[in-house]
Amino acid sequence: MRKIQVEICTGTACFVMGASELMLLEEKLPESLQDKVEITGSPCMGNCHSERKSHLPFVKIDGEVIEDANLPDVIERIEKIAEGNKNA
Amino acid sequence: MTNETSTMTSLNATESPCEAQQKDEIQKNIGETFVEVDHFQLCKSGQHSPGDVFLSEKNPSDGRTISTLSDGLGSGIKADVLATLTATMATKFVANDIPIKRAAEIIMNTLPVCSERGISYATFTTVDIDPNSTVKIIEYDNPPYLLVRQQTALDPIKESTEIVRKDKSTAPRMKAYLHYSKFTGEPGDRLVFFSDGVTQSGMGTALFPFGWTAENAYSFVLDRIKENPCVSARDLAKSVVQEACIHDGYKPKDDISCGVVYFRNPRDTLILTGPPISKESDKELASIFNLFNGKKVICGGTTANIMSRELKKPITVDMKNLDPEVPPFSEMEGADLVSEGIITLGTVADILENNGVYSSDKDNAATRMVEIFRNSDRIYFVVGTKINEAHQDPNMPEGLEIRRNVVKKVASLLEEKFLKETHIQYL
Numbered sequence: 001m002r003k004i005q006v007e008i009c010t011g012t013a014c015f016v017m018g019a020s021e022l023m024l025l026e027e028k029l030p031e032s033l034q035d036k037v038e039i040t041g042s043p044c045m046g047n048c049h050s051e052r053k054s055h056l057p058f059v060k061i062d063g064e065v066i067e068d069a070n071l072p073d074v075i076e077r078i079e080k081i082a083e084g085n086k087n088a
Numbered sequence: 001m002t003n004e005t006s007t008m009t010s011l012n013a014t015e016s017p018c019e020a021q022q023k024d025e026i027q028k029n030i031g032e033t034f035v036e037v038d039h040f041q042l043c044k045s046g047q048h049s050p051g052d053v054f055l056s057e058k059n060p061s062d063g064r065t066i067s068t069l070s071d072g073l074g075s076g077i078k079a080d081v082l083a084t085l086t087a088t089m090a091t092k093f094v095a096n097d098i099p100i101k102r103a104a105e106i107i108m109n110t111l112p113v114c115s116e117r118g119i120s121y122a123t124f125t126t127v128d129i130d131p132n133s134t135v136k137i138i139e140y141d142n143p144p145y146l147l148v149r150q151q152t153a154l155d156p157i158k159e160s161t162e163i164v165r166k167d168k169s170t171a172p173r174m175k176a177y178l179h180y181s182k183f184t185g186e187p188g189d190r191l192v193f194f195s196d197g198v199t200q201s202g203m204g205t206a207l208f209p210f211g212w213t214a215e216n217a218y219s220f221v222l223d224r225i226k227e228n229p230c231v232s233a234r235d236l237a238k239s240v241v242q243e244a245c246i247h248d249g250y251k252p253k254d255d256i257s258c259g260v261v262y263f264r265n266p267r268d269t270l271i272l273t274g275p276p277i278s279k280e281s282d283k284e285l286a287s288i289f290n291l292f293n294g295k296k297v298i299c300g301g302t303t304a305n306i307m308s309r310e311l312k313k314p315i316t317v318d319m320k321n322l323d324p325e326v327p328p329f330s331e332m333e334g335a336d337l338v339s340e341g342i343i344t345l346g347t348v349a350d351i352l353e354n355n356g357v358y359s360s361d362k363d364n365a366a367t368r369m370v371e372i373f374r375n376s377d378r379i380y381f382v383v384g385t386k387i388n389e390a391h392q393d394p395n396m397p398e399g400l401e402i403r404r405n406v407v408k409k410v411a412s413l414l415e416e417k418f419l420k421e422t423h424i425q426y427l
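Line order of the protein sequences matches chains A and B. Using this note's numbering, the letters of the first sequence correspond one by one to residues 1 to 88. Using this note's numbering, the letters of the second sequence correspond one by one to residues 1 to 427.
It is possible that some hints are incorrect.
[As the list claims (entries may be wrong)] Straight-line C-alpha distance at most 30 Å; calculated DSSO-like pairs for lysine-lysine: (1) A:Lys53 to B:Lys408; (2) B:Lys320 to A:Lys80; (3) B:Lys313 to A:Lys53; (4) B:Lys386 to A:Lys60; (5) A:Lys86 to A:Lys3; (6) B:Lys313 to A:Lys3; (7) B:Lys283 to A:Lys53; (8) B:Lys320 to A:Lys53; (9) B:Lys312 to B:Lys283; (10) B:Lys136 to B:Lys238; (11) A:Lys60 to B:Lys313; (12) B:Lys279 to A:Lys53; (13) B:Lys136 to B:Lys175; (14) B:Lys320 to A:Lys36; (15) B:Lys417 to B:Lys251; (16) A:Lys60 to B:Lys312; (17) B:Lys279 to A:Lys60; (18) A:Lys28 to A:Lys86; (19) B:Lys226 to B:Lys92; (20) A:Lys53 to B:Lys386; (21) B:Lys312 to A:Lys3.
[Said to hold, decoys possible] Derived coverage of chain A by chain B (criterion: at least 3 residues anywhere in the stretch with Cβ under 8 Å from a Cβ of chain B; other residues may be distant): (22) 13-25; (23) 42-49.
[Said to hold, decoys possible] Label pairs and their computed distance ranges (CB to CB): (24) A:Asn70 to B:Ile277: 30 to 40 Å; (25) B:Glu280 to A:Arg52: 21 to 31 Å; (26) B:Val357 to A:Leu24: 22 to 32 Å; (27) B:Asp223 to A:Ile75: 55 to 65 Å; (28) A:Gly84 to B:Glu333: 32 to 42 Å; (29) A:Asn85 to B:Gln425: 47 to 57 Å; (30) B:Leu311 to A:Ile75: 52 to 62 Å; (31) B:Asp363 to A:Arg52: 27 to 37 Å; (32) A:Gly84 to B:Asn354: 45 to 55 Å; (33) A:Arg52 to B:Ser412: 30 to 40 Å.
Simulated from the structure, these hints should not be mistaken for laboratory data. Glycine included, every Cβ here is placed at the ideal spot set by N, Cα and C.
My request is simple: use the sequences and hints to build the entire structure.
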């Protein structure tokens, strides 16, 4: 089954506003999800220059941009997608 | 981590990286010589301050490079003070062309007296190199320096003169002699000088009952150079000190210091940081990157995106070596390092301010950048001047300085503390 693609923005603004914690995602993922997710870093995605700029940090999950990203929300989103994929 | 292929025009299977580098450098830099000066030292075991001090400076008015190694009596803070005073005075006097005998007498008569031993004493070796490659060396009580040319030790002619102290009661009993020598440096020449922590290492052991001795240390240096004719001043100094440390069973019995001066072909590094003020200059930036012959660093997410787009090369972020304080570095074909911008540069400035010292368990974009800079001789900064509006947001933490200020700080630290040559271009 295709893995869920998670991209964490590692640009300056995202890094200081919480991305450094998001990069621990791999460790914090529940065991059941670990082999269902592929985590990569991305250089600055440019969201800090857009209208969204007050919602740092940013993470992309399967191409969808998540604002104000934090570990619990990101894990919850991944779980939902994994559920959806299971039932699909 | 270092991308050797970016500095080589051709690498055939029978050439070593060093030979190819030499060939490449000769093609690039016929006639160009850079004076690389570096040193390495270890404190006596159990001490926090080194009693040996190495000071180097480049005189902006006449382009002379002056380096002094001084060994203070004893070890620890007291020795550090003696050695610092001596090294500072020797360097300043030589820079100001004070006659050397007079300078040595002033130094010897000024040093504070050790309360335990009742004498004031510190050694020094000062090397003065002018832009015409004339080298003058003044030695007082350090082991004699080694001059290596074409992998052979040369025997320089020295003039000796006695220094007489005003206050004999605080002088060591032996007579004090100053040795002076002069020669013209040629490309490839190396000058190696060290404190007696090197020559006396291992003293009393079965292998070296009288210590390693200067002769053995010289042979070691010549062997290292034969093994690697391109060995940098930095690496050679480090290998001498580490070898001496091994003789002392990894617990130095004295401060161990070695300085090396190397007349070499310069190693060039280019660092692009910041998007150019106008998008039309993106192509120019890519062209600068392509045409440069040397190591290449891209510092900044937007800068990296521009280069990736212009050069059609993907960027992969390394998520393995994560550091909570410095954003992760990335890889792109053709670049030796791709990092984030301002935080990384700020950390580089901090490390350089701390004399290039950082915790040995750290491996992040900033430490890697520091290593690239320290293994370079000339560093070219190309600074994009477009302001990053995302950093001007008042909600962002303070301390995200303007890029050009941090670059200026890094460049001036590289020049003053590490005697590198830097150039800054704004786009």
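For each hint, the structure was consulted:
A threshold of 30 Å between alpha carbons decides the hint, and for A:Lys53 with B:Lys408 the separation of about 29 Å falls inside it, so the pair holds. Proposed proximity of B:Lys320 and A:Lys80 is supported: the alpha carbons are some 27 Å apart, at most 30 Å. Only pairs whose Cα atoms come within 30 Å are accepted, and B:Lys313 paired with A:Lys53 is accepted, the gap being roughly 27 Å. Between the alpha carbons of B:Lys386 and A:Lys60 the distance comes to roughly 27 Å, so the proposed pair stays at or under 30 Å and holds.
The suggested pairing of A:Lys86 with A:Lys3 holds, with an alpha-carbon distance near 12 Å, which does not exceed 30 Å. With a C-alpha separation of about 25 Å, the suggested pair B:Lys313 and A:Lys3 falls inside the 30 Å cut-off, and the hint holds. The straight-line distance between the Cα atoms of B:Lys283 and A:Lys53 is roughly 28 Å, inside the 30 Å bound, and the hint therefore holds. Annotation: proposed proximity of B:Lys320 to A:Lys53 holds, straight-line Cα distance about 28 Å (limit 30 Å).
For the suggested pair B:Lys312 and B:Lys283, the alpha carbons sit about 12 Å apart, so the restraint of at most 30 Å is met. As the CA atoms of B:Lys136 and B:Lys238 are separated by approximately 24 Å, the hinted pair is consistent with the 30 Å bound. For the given pair, A:Lys60 sits about 21 Å from B:Lys313 by alpha-carbon distance, which is consistent with the 30 Å threshold. Among the hinted pairs, B:Lys279 with A:Lys53 is consistent with the structure: their alpha-carbon atoms are about 21 Å apart, no more than 30 Å.
Distance hint between B:Lys136 and B:Lys175 is fulfilled; the C-alpha atoms sit about 23 Å from each other, no more than 30 Å. For the hint pairing B:Lys320 with A:Lys36, the CA-to-CA distance comes to about 19 Å; that is within 30 Å, so the pair holds. For the suggested pair B:Lys417 and B:Lys251, the alpha carbons sit about 28 Å apart, so the restraint of at most 30 Å is met. Annotation: proposed proximity of A:Lys60 to B:Lys312 holds, straight-line Cα distance about 22 Å (limit 30 Å).
With a C-alpha separation of about 27 Å, the suggested pairing of B:Lys279 with A:Lys60 holds against the 30 Å cut-off. Distance hint between A:Lys28 and A:Lys86 is fulfilled; the C-alpha atoms sit about 21 Å from each other, no more than 30 Å. Note on B:Lys226 and B:Lys92: the hinted pairing is violated, with a Cα-Cα distance of about 36 Å set against a maximum of 30 Å. Restraint check: the Cα-Cα separation between A:Lys53 and B:Lys386 comes to about 18 Å, which is no more than 30 Å; the hinted pair holds.
Taking the CA atoms of B:Lys312 and A:Lys3, the gap is about 26 Å. The hint holds against a cut of 30 Å. For the region 13-25 of chain A, the stated coverage by chain B is satisfied: 8 residues place a CB nearer than 8 Å to a CB of that chain, which reaches the threshold of 3. Counting residues of the region 42-49 of chain A whose C-beta lies closer than 8 Å to any C-beta of chain B gives 6; at least three are required, and the coverage claim holds. The supplied range of 30 to 40 Å is met by A:Asn70 and B:Ile277, whose beta-carbon atoms lie about 35 Å from each other.
Between B:Glu280 and A:Arg52 the CB atoms are about 27 Å apart, so this pair conforms to the stated range of 21 to 31 Å. Against the hinted window of 22 to 32 Å, the Cβ-Cβ separation of B:Val357 and A:Leu24 comes to about 28 Å, which satisfies the hint. The supplied range of 55 to 65 Å is met by B:Asp223 and A:Ile75, whose beta-carbon atoms lie about 57 Å from each other. The hinted range of 32 to 42 Å is satisfied by A:Gly84 and B:Glu333, whose Cβ atoms lie roughly 37 Å apart.
With their beta carbons about 51 Å apart, A:Asn85 and B:Gln425 fall inside the hinted range of 47 to 57 Å. Under the hint 52 to 62 Å, the C-beta atoms of B:Leu311 and A:Ile75, about 36 Å apart, miss the expected range. For the pair B:Asp363 and A:Arg52, the beta carbons lie near 33 Å from each other, so the given range of 27 to 37 Å is met. Evaluation of the 45 to 55 Å hint for A:Gly84 and B:Asn354 yields a pass: the beta carbon distance comes to about 51 Å.
Look at A:Arg52 against B:Ser412: about 38 Å separates their beta carbons, and that is inside 30 to 40 Å.
Violated hints for the displayed structure, listed by number in ascending order: 19 and 30.
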